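Participant: Construct the entire structure; sequences and hints are all you get.
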Amino acid sequence: MSVRNGSASNVDCPISKERCIQDDLELTELGPLLEGPGQPAAPKRVASAGPMVLDEEEEEDEGARVMTLPLQAHHAMEKMEEFVYKVWEGRWRVIPYHVLPEWLKDNDYLLHGHRPPMPSFRACFGSIFRIHTETGNIWTHLLGERGDRGMVVGIFHVFSMTGKLVDYFPGGRWTLFTLCCYISLVMLLALCFPRLDYSGIALLIMGSFVPWLYYSFYCSPQPRLIYLSIVCVLGIAAIIVAQWDRFSTPRHRPTRAGVFMGLGLSGIVPTMHFTVAEGFVKATTVGQMGWFYLMGALYITGAGLYAARIPERYFPGKCDIWFQSHQIFHVLVVAAAFIHFYGVSNLQEFRYGLEGGCTDDTLL
1 MSVRNGSASN
11 VDCPISKERC
21 IQDDLELTEL
31 GPLLEGPGQP
41 AAPKRVASAG
51 PMVLDEEEEE
61 DEGARVMTLP
71 LQAHHAMEKM
81 EEFVYKVWEG
91 RWRVIPYHVL
101 PEWLKDNDYL
111 LHGHRPPMPS
121 FRACFGSIFR
131 IHTETGNIWT
141 HLLGERGDRG
151 MVVGIFHVFS
161 MTGKLVDYFP
171 GGRWTLFTLC
181 CYISLVMLLA
191 LCFPRLDYSG
201 IALLIMGSFV
211 PWLYYSFYCS
221 PQPRLIYLSI
231 VCVLGIAAII
241 VAQWDRFSTP
251 RHRPTRAGVF
261 MGLGLSGIVP
271 TMHFTVAEGF
281 VKATTVGQMG
291 WFYLMGALYI
301 TGAGLYAARI
311 PERYFPGKCD
321 IWFQSHQIFH
331 VLVVAAAFIH
341 FYGVSNLQEF
351 RYGLEGGCTD
361 DTLL
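The numbers in UniProt numbering rise by one with no breaks, and the one at position 17 of the sequence shown is 17.
Simulated from the structure, these hints should not be mistaken for laboratory data.
The model shown is predicted, which means the values in this text are computed figures rather than measured ones.
Backbone N, C-alpha and C define an ideal beta-carbon position, used for all residues, glycine too.
Misleading hints may appear alongside valid ones.
Stated by the list, open to error - Cβ pair distances, simulated, as ranges:
(1) Ala308 with Trp103: 21 to 27 Å
(2) Ala73 with Pro254: 42 to 48 Å
(3) Leu225 with Pro101: 41 to 47 Å
(4) Arg313 with Val281: 39 to 45 Å
(5) Lys105 with Lys282: 46 to 52 Å
(6) Leu143 with Lys318: 21 to 27 Å
(7) Lys282 with Lys318: 44 to 50 Å
Facilitator: Structure representation (structure tokens):
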């Protein structure tokens, strides 16, 4: 209620309340998502105590408040639509860690530059070209996806030129399946859904074992089936852990990393089996085991850094945008995928040179 020349004006009262409602909505509801990093939150409007009025004027004021309730609801909807529109147009601003909702609080060593919750896929995809804590995670996946797509195009070109490779080796289809699944999932996973991001990494690790086990134990179907089953069970377990609400909190971050490390270490048994059966020299040369050792080392190193949150643990607030553990994990996983592809390609070429034949004294 506005006071003009010592008297109450019932005409100006709704207008002043409307402005107050508009300011309060913007400051209290939209402010935390739209304020820039380091900017202090705007203080809330505090209503000053007005002069004493008669009972009749108070009753009229109550009536005016009742009349403005639909107007308040209308302006609340307008502000919400305006906020959604701003996010869609990419005009949102990054927010500090303490403003994030609980389901987005994963790493308390990243203090600033967080992306607010996105209301739509369109807004989420639009955040690709903005700078925030997920920018490095997005682009490490996008660049890896481009590289994998180029490799798949090359594989299809080779298949179209020879035609025999797929006929002799159904495992070639597994290689394509693994890469294509990675390509189709990677963009969506890294953008808006952290849990699906981890599930995609688990799927990639699980899929990377399939062509290697297929070609390494090509002439020994029984151990091949056993190892493939174990890897698939562990991979599904890793995906379940990544999707389970109980394990999505920062307290269970070591648990998630441990599951990924366990999935990567599951290749030790078939690796030792293959090395003992073939001999170390042949396993590391013809069997391409040296590349697979390097792949496993990259997986384990990335998971260890992710679990320990290194380097941001030692430099809080310094690795908010670049060089955080999650980004390093992504880079190492993508590098391991390329190394794995190179090793499997050499192993596949060796198998193609034998024209699908098996000998009695070798697992190859």
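Participant: Quick one: which hint numbers does this structure break? Sort them smallest to largest.
Facilitator: none
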